[in-house]
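Now for the letters of each chain:
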Amino acid sequence: MSDSKKHSHNHDDHDHDDDHSHWSDMELKVKTLESLLVEKGYVDPASLDVIVETYETKVGPRNGAAVVAKAWSDEDYLHRLRQNATDAIAELGFTGRQGEHMQIVENTDDVHNMVVCTLCSCYPWSVLGLPPVWYKSAPYRSRAVSEPRAVLSEFNVELPKETKITVWDSTAEMRYLVIPKRPDGTQGWSEEKLAKLVTRDSMIGTGLALSVDEVSS
Amino acid sequence: MNPPNLKSLDGIVLDGDEPVFSEPWEAQAFALVIGLYEKKAFTWPEWAEVLSTTIHSDEGCASYYELWLKALETIVMKKALSNKEEILARETEWQNALIATPHGQPIELQNAYKS
Numbered sequence: 001m002s003d004s005k006k007h008s009h010n011h012d013d014h015d016h017d018d019d020h021s022h023w024s025d026m027e028l029k030v031k032t033l034e035s036l037l038v039e040k041g042y043v044d045p046a047s048l049d050v051i052v053e054t055y056e057t058k059v060g061p062r063n064g065a066a067v068v069a070k071a072w073s074d075e076d077y078l079h080r081l082r083q084n085a086t087d088a089i090a091e092l093g094f095t096g097r098q099g100e101h102m103q104i105v106e107n108t109d110d111v112h113n114m115v116v117c118t119l120c121s122c123y124p125w126s127v128l129g130l131p132p133v134w135y136k137s138a139p140y141r142s143r144a145v146s147e148p149r150a151v152l153s154e155f156n157v158e159l160p161k162e163t164k165i166t167v168w169d170s171t172a173e174m175r176y177l178v179i180p181k182r183p184d185g186t187q188g189w190s191e192e193k194l195a196k197l198v199t200r201d202s203m204i205g206t207g208l209a210l211s212v213d214e215v216s217s
Numbered sequence: 001m002n003p004p005n006l007k008s009l010d011g012i013v014l015d016g017d018e019p020v021f022s023e024p025w026e027a028q029a030f031a032l033v034i035g036l037y038e039k040k041a042f043t044w045p046e047w048a049e050v051l052s053t054t055i056h057s058d059e060g061c062a063s064y065y066e067l068w069l070k071a072l073e074t075i076v077m078k079k080a081l082s083n084k085e086e087i088l089a090r091e092t093e094w095q096n097a098l099i100a101t102p103h104g105q106p107i108e109l110q111n112a113y114k115s
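Quick mapping for you: the protein sequence lines, in order, are chains S and U. Reminder that position 202 of the first sequence reads as 202 in the working numbering, one-by-one numbering, no gaps. Reminder that position 49 of the second sequence reads as 49 in the working numbering, one-by-one numbering, no gaps.
Since the hints were derived computationally from the structure, they do not count as laboratory data. Beta carbons: idealized from backbone N, C-alpha and C, even for Gly. The reader is advised that the hints may include incorrect statements.
[Stated by the list, open to error] With a straight-line cut-off of 20 Å between C-alpha atoms, the simulated SDA-like cross-links for lysine to any residue are:
no., chain 1, residue 1, chain 2, residue 2
1, U, Lys39, U, Ser82
2, S, Lys31, U, Thr101
3, S, Lys40, U, Lys40
4, U, Lys78, U, Thr53
5, S, Lys40, U, Glu86
6, S, Lys196, S, Gly93
[To be verified] Distance windows between CB atoms, simulated:
no., chain 1, residue 1, chain 2, residue 2, range
7, U, Asp10, S, Ser142, 41 to 49 Å
8, U, Leu6, S, Ser142, 36 to 44 Å
9, S, Ala138, U, Lys40, 25 to 33 Å
10, U, Lys84, S, Val111, 37 to 45 Å
11, U, Lys79, S, Asn156, 38 to 46 Å
12, S, Val38, U, Asp10, 23 to 31 Å
13, U, Thr53, S, Asp169, 40 to 48 Å
14, S, Asp213, U, Gln105, 39 to 47 Å
15, S, Thr163, U, His56, 56 to 64 Å
16, U, Leu88, S, Arg80, 44 to 52 Å
Looking at chain S on its own, in the form it has when it is part of the complex (with noise of 0.2 Å):
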């Protein structure tokens, strides 16, 4: 680390001289109060999951489901994506503190990728959203390194035998997006239509696009 780099308490900057973890102050003030208050019996810490839950679905995964669809749809984008994922994401106008650093991982018949962050729950909400409880959870976080097929079949995701799963465990540093593979039968399909079979957790890989016969029912 060098000493003379000043240190950086700007959230925006990911100053990775500097080691230790920062908050925005609104972070700062949100939490301050949200510790306060459950301390004291004010709120109760789980029902502010629940709630978080049940009114984020705006959020959602719109924005990531524009790109998985363009990367579908769009040979030349594709290839963008993949030299430089942070950069073709922000062409759709995405950008975000946490969703800087990105990397796309590409699922086919023989590997299917799956993302974890095993340390604390870093996630590109810009691109993705806010994460899902369980995403945060330590369970999930420890079994999907274990037994990530056990993990997949929870979410009803049976894979065949042949098919490698890799685990990518996102840091400070590195976000991952799942881009799931294509369903059969779209072929010809806008990216708009495209983007409606595109779920969250296909991003995450804890789900498979949804089939052309899930959305038209």
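Starting from the structure of chain S, add chain U where the hints point.
What follows is chain U alone, placed relative to chain S:
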């Protein structure tokens, strides 16, 4: 208990019936208000009024949820759920915890007291 009427709030951006957040802390601030309301710490009209007053007295360019959070601090103090000293002390504790927590590790309040 009836779900709160979000439409009664000044300035809120809804998509259908759902609030729109641009960052996770906004959703957390939102959830705190709903959580306190559900525990009957205040009534919904009381919240709507504090929020509206906060919005209309703002002369800067704070975002909607920055004002939401400011209104939350106001109602917390008004209802004596906490006070300025406690809030400032807790902010300092969290700041110490952040400094003591290596990047990428879970940030916990007790880290403030690790040597």
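To see whether the hints hold, each was checked on the structure:
no., hint, result
1, Lys39/U with Ser82/U, "16 Å, holds"
2, Lys31/S with Thr101/U, "15 Å, holds"
3, Lys40/S with Lys40/U, "14 Å, holds"
4, Lys78/U with Thr53/U, "13 Å, holds"
5, Lys40/S with Glu86/U, "12 Å, holds"
6, Lys196/S with Gly93/S, "19 Å, holds"
7, Asp10/U with Ser142/S: 41 to 49 Å, "45 Å, holds"
8, Leu6/U with Ser142/S: 36 to 44 Å, "37 Å, holds"
9, Ala138/S with Lys40/U: 25 to 33 Å, "32 Å, holds"
10, Lys84/U with Val111/S: 37 to 45 Å, "55 Å, violated"
11, Lys79/U with Asn156/S: 38 to 46 Å, "45 Å, holds"
12, Val38/S with Asp10/U: 23 to 31 Å, "27 Å, holds"
13, Thr53/U with Asp169/S: 40 to 48 Å, "46 Å, holds"
14, Asp213/S with Gln105/U: 39 to 47 Å, "44 Å, holds"
15, Thr163/S with His56/U: 56 to 64 Å, "58 Å, holds"
16, Leu88/U with Arg80/S: 44 to 52 Å, "48 Å, holds"
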